[in-house]
Amino acid sequence: MNLLEVSALCKTYGSGDTAVKALKNVSFSIPKGQFVAVVGESGSGKSTLLNMIGALDTPTSGNVLIDGSDVFRMKDEKLTIFRRRNIGFIFQAFNLIPELNVEQNITFPVLLDYKKPNKEYVEEILTVLSLQGRREHLPRQLSGGQQQRVAIGRALITRPMLILADEPTGNLDSQNSSEVISLLKTASKRYQQTIIMITHNRSIAATADRVLQVSDGVLSDLGGMSNEKLS
Amino acid sequence: MKSYLSLIPISSKVHRRQNRMTLLCIIFAVFLVTAVFSMAEMGVRMEQTRLLDKHGSLTLQDLSDSAMGQTLYLIAMVLFVLILVAGVLMISSSINSNVAQRTKFFGMMRCIGMSKQQIIRFVRLEALNWCKTAVPIGIVLGIVITWCLCAVLRFIVGDEFSNIPIFGISITGIISGIVVGIVTVLIAAKSPAKRAAKVSPVTAVSGNSESTKNVHHAVNVRLFKIETALGVHHAVSAKKNLILMTGSFALSIILFLSFSVLIDFVGYLMPQSSSTSDINISSSDGSISIDSTLLDTINDMEGVKRVFGRRSYFDVSAELDRDNILSSTIDIISYDEFDLDCLTKDDMLKKGSDISKVYGNSNYVLATWDKDSPLKIGDKIWVDNESLEIAGLLKYDPFSSDGLTNGKITLITSGDTFVRLTGITDYSLIMIQTTKNATNEDVTAISDILDKNCIFNDRRDQRTASTYIAFVFCVYGFLAIITLVTVLNIVNSISMSVSARIKQYGAMRAVGMDEHQITKMIAAEAFTYALSGCIIGCASGLLLSKLLYDILIATHFSYAIWSLPVTSLMIILLFVFAAAVAAVYAPSKRLRNMAITGTINEL
Chain A
30 MNLLEVSALC
40 KTYGSGDTAV
50 KALKNVSFSI
60 PKGQFVAVVG
70 ESGSGKSTLL
80 NMIGALDTPT
90 SGNVLIDGSD
100 VFRMKDEKLT
110 IFRRRNIGFI
120 FQAFNLIPEL
130 NVEQNITFPV
140 LLDYKKPNKE
150 YVEEILTVLS
160 LQGRREHLPR
170 QLSGGQQQRV
180 AIGRALITRP
190 MLILADEPTG
200 NLDSQNSSEV
210 ISLLKTASKR
220 YQQTIIMITH
230 NRSIAATADR
240 VLQVSDGVLS
250 DLGGMSNEKL
260 S
Chain B
61 MKSYLSLIPI
71 SSKVHRRQNR
81 MTLLCIIFAV
91 FLVTAVFSMA
101 EMGVRMEQTR
111 LLDKHGSLTL
121 QDLSDSAMGQ
131 TLYLIAMVLF
141 VLILVAGVLM
151 ISSSINSNVA
161 QRTKFFGMMR
171 CIGMSKQQII
181 RFVRLEALNW
191 CKTAVPIGIV
201 LGIVITWCLC
211 AVLRFIVGDE
221 FSNIPIFGIS
231 ITGIISGIVV
241 GIVTVLIAAK
251 SPAKRAAKVS
261 PVTAVSGNSE
271 STKNVHHAVN
281 VRLFKIETAL
291 GVHHAVSAKK
301 NLILMTGSFA
311 LSIILFLSFS
321 VLIDFVGYLM
331 PQSSSTSDIN
341 ISSSDGSISI
351 DSTLLDTIND
361 MEGVKRVFGR
371 RSYFDVSAEL
381 DRDNILSSTI
391 DIISYDEFDL
401 DCLTKDDMLK
411 KGSDISKVYG
421 NSNYVLATWD
431 KDSPLKIGDK
441 IWVDNESLEI
451 AGLLKYDPFS
461 SDGLTNGKIT
471 LITSGDTFVR
481 LTGITDYSLI
491 MIQTTKNATN
501 EDVTAISDIL
511 DKNCIFNDRR
521 DQRTASTYIA
531 FVFCVYGFLA
541 IITLVTVLNI
551 VNSISMSVSA
561 RIKQYGAMRA
571 VGMDEHQITK
581 MIAAEAFTYA
591 LSGCIIGCAS
601 GLLLSKLLYD
611 ILIATHFSYA
621 IWSLPVTSLM
631 IILLFVFAAA
641 VAAVYAPSKR
651 LRNMAITGTI
661 NEL
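Chains A and B, in that order, are what the protein sequence lines are.
FYI, the numbering used here numbers position 125 of the first sequence as 154, with every residue one higher than the one before it.
FYI, the numbering used here numbers position 284 of the second sequence as 344, with every residue one higher than the one before it.
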């Protein structure tokens with residue numbers, strides 16, 4: 030069964046002569062548990078596509094169905110809660126909350142739901158991410174790699190069906206990059222999560238189950254890991 | 061671009077929204093100073109016209125030599141300094157936030173070769189660039205408001221303000237407005253400019269890290285829900301801002317409570333009684349000899365608005381019916397219906413009084429009172445074998461100069477009760493209120509019909525109503541200024557705080573914070589400022605109010621007792637609440653309407 034179905038997605042910024050078509054009739058679907066990399070030049074429309082899938086931005090036309098729910102038909106309040114419970118976000122700039130410590134940052138989406146975080150699960154995440162010794166630390170006391178691990182923890186805490194990562198390794202060195210990617214892959218397998226990740230790094234893209242390329246707003250499916258176009 | 065400074069107008073166009081608050085602050089300061097000095101000049105011109113009218117062709121002394129001119133300019137100078145300080149504080153905090161938000165920009169400028177001195181010049185000129193629009197707007201606003209105020213004084217307050225010019229333009233006002241605009245901006249831009257110059261070029265590469273530098277400890281999420289805890293933390297973590305905001309709220313509250321005492325003080329100095337008369341007619345030997353028909357005659361004359369009289373009967377023997385019967389002599393004074401009505405209208409009666417029983421022919425009376433008086437409501441007094449019950453007590457003794465009874469019992473009865481008790485129908489005092497347009501001829505006509513036994517006392521010159529109104533007007537006007545400064549300050553501060561964290565809020569929205577939670581978080585921040593200001597302001601304001609009351613009022617008017625200013629406190633609470641709500645409204649609306657992707661990517 031497909032977890033994500035994107036059909037005829039278009040996004041145009043501006044109007045008239047200055048109109049820019051960022052996405053042109055994009056359609057694809059992703060089954061549950063797949064690890065997908067999205068590649069493309071700067072300004073090709075990758076981030077726009079990811080923002081649409083995460084319902085952070087609204088399309089000019091087209092639909093996005095996550096687990097059968099049409100996200101753009103939801104009212105804002107319902108959409109926020111849907112996003113909080115079903116989609117995890119990882120940003121290039123980490124975007125952690127500077128006033129919250131590691132543990133609080135990880136449990137933030139649960140706290141927003143006014144629920145008590147599951148202690149065992151929090152421990153498990155901290156262990157998987159090797160952050161046990163850092164739980165009381167503030168983001169500014171962590172290295173870039175550690176901060177991105179916290180962001181991954183925050184994306185995992187609600188056990189979302191879908192994780193969207195916008196260049197999660199963009200600000201990291203090669204060692205931290207490969208650690209983050211292997212963590213994401215482990216999570217994908219362990220918690221049966223679908224991951225869509227934007228990356229500029231071809232070797233990272235090559236390790237994904239499937240690669241999508243966006244070029245000038247048009248999407249093409251490059252297929253699986255063995256694809257020679259990537260190597 | 062001719063020089064790097066050509067960037068200033070371009071950048072101000074791009075950052076129009078962020079600059080709006082700073083612009084408003086400058087406009088506000090310029091407007092206030094222009095209005096204050098223009099009003100002072102109008103006052104001086106009014107005095108000039110009055111002197112001209114009075115002394116005819118006499119050469120007028122130099123304006124600044126006249127006592128009134130000096131007082132008005134002195135007040136204007138004091139207000140000038142106050143506004144300058146408030147303006148510098150306001151504008152400085154908004155330029156500071158403006159600079160803080162553009163750390164990366166200044167870092168980049170340093171990176172590509174701008175020197176520290178050039179950055180300082182850049183920030184200063186950027187601030188002066190705002191004056192270009194803000195100063196003219198402030199001056200025009202100041203002039204228009206002066207016109208409105210003069211019209212209010214001339215047509216609504218009237219009397220001694222009837223000579224005030226309406227469409228006057230004050231050069232002093234305009235010049236001081238320009239000076240205050242430029243001086244405040246230059247002083248205010250000083251510290252932010254230095255701060256901007258200190259930005260290291262490396263910030264251009266490492267990003268805007270300013271907002272995270274001040275965080276030293278994590279939020280306590282055990283006490284509140286996460287969004288409330290974050291909001292409170294935002295307010296408490298920036299110590300300097302917290303002190304500034306709390307101080308600004310507290311200062312307004314303290315000033316409000318202190319000025320209320322000042323209004324009370326003037327109220328005691330110039331009691332505004334509804335029954336204040338313009339003309340008094342009394343019997344020359346103090347005996348009761350004015351025929352009651354005179355009232356009707358005067359009532360029908362030109363220029364008379366209202367006539368009422370008082371009868372009096374002094375040193376009557378009476379017995380106070382208490383546990384042990386006290387014998388003494390008392391005074392009885394009769395009040396006409398209008399006079400009795402005024403007691404209620406002017407709030408002269410103590411709590412528990414029931415004046416309605418006193419009207420008409422009854423056995424109920426009112427009595428004067430002070431804190432040493434033995435009388436209580438419900439006490440009975442025997443006069444001439446008749447039992448009179450005290451239905452109400454006055455707050456003080458209006459018949460003595462110091463407001464104290466000095467042990468004397470004075471009863472106030474209705475006219476009918478007085479006549480029944482004493483058999484006297486003649487008045488001892490007739491009081492006349494004239495109409496607004498009563499002429500001197502009208503007043504002379506009244507004095508002409510009186511016989512030799514009567515003393516005619518024209519008290520129109522002693523009217524203090526318009527001076528009192530003008531004073532109250534000024535005090536409340538000043539309070540309104542202080543209040544506006546506080547509101548602008550909190551609105552500005554919250555707006556800046558939101559702008560500084562906009563990227564963070566975008567991330568919070570992305571990971572699932574909803575609109576209500578965002579609003580609650582901003583509200584928690586605003587209410588933390590408001591609440592701490594309220595607590596400190598009310599506590600110290602009440603102490604100061606009591607102290608001022610004791611020094612100014614209680615030492616001179618011994619019957620005056622300080623009581624908790626409940627109404628003022630309620631107004632303050634309501635106002636602080638409204639200010640906090642106003643401060644939250646715009647930023648939360650802005651965040652709601654902003655696309656999440658826009659807030660995440662904004663730098």
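Just so you know, the hints here were simulated from the structure itself, not pulled from any lab data.
Computed from a predicted structure; not experimentally measured.
Please note that the accuracy of each hint is not assured.
Unchecked claim - Taking lysine to any residue and the SDA-like style, the derived pairs with C-alpha atoms no more than 25 Å apart in a straight line are:
#1 K431/B <-> P458/B
#2 K299/B <-> K50/A
#3 K107/A <-> E397/B
#4 K285/B <-> G174/A
#5 K104/A <-> I172/B
#6 K107/A <-> P458/B
#7 K50/A <-> T657/B
#8 K285/B <-> K649/B
#9 K285/B <-> K50/A
#10 K563/B <-> Q121/A
#11 K145/A <-> L283/B
#12 K144/A <-> E397/B
#13 K285/B <-> I110/A
#14 K104/A <-> P458/B
#15 K455/B <-> E397/B
#16 K107/A <-> N653/B
#17 K563/B <-> G97/A
#18 K300/B <-> I247/B
#19 K455/B <-> W442/B
#20 K104/A <-> I562/B
#21 K145/A <-> E575/B
#22 K148/A <-> R282/B
#23 K649/B <-> P127/A
#24 K285/B <-> R164/A
#25 K104/A <-> E397/B
#26 K440/B <-> D375/B
#27 K107/A <-> H576/B
#28 K164/B <-> G174/A
#29 K563/B <-> V247/A
#30 K164/B <-> I180/B
#31 K285/B <-> L140/A
Claimed, not checked - Partial list, computed: chain A residues near chain B (C-beta under 7 Å):
#32 L85
#33 V93
#34 G97
#35 D99
#36 T109
#37 N115
#38 F118
#39 N124
#40 E128
Each residue gets a CB set at the ideal place from its N, CA and C atoms; glycine is no exception.
- Task: List, from low to high, the hint numbers that the structure doesn't satisfy.
- Result: The structure breaks hints 2, 3, 4, 5, 6, 9, 12, 14, 17, 25, 29, 33, 34, 35 and 37; every other hint is satisfied.
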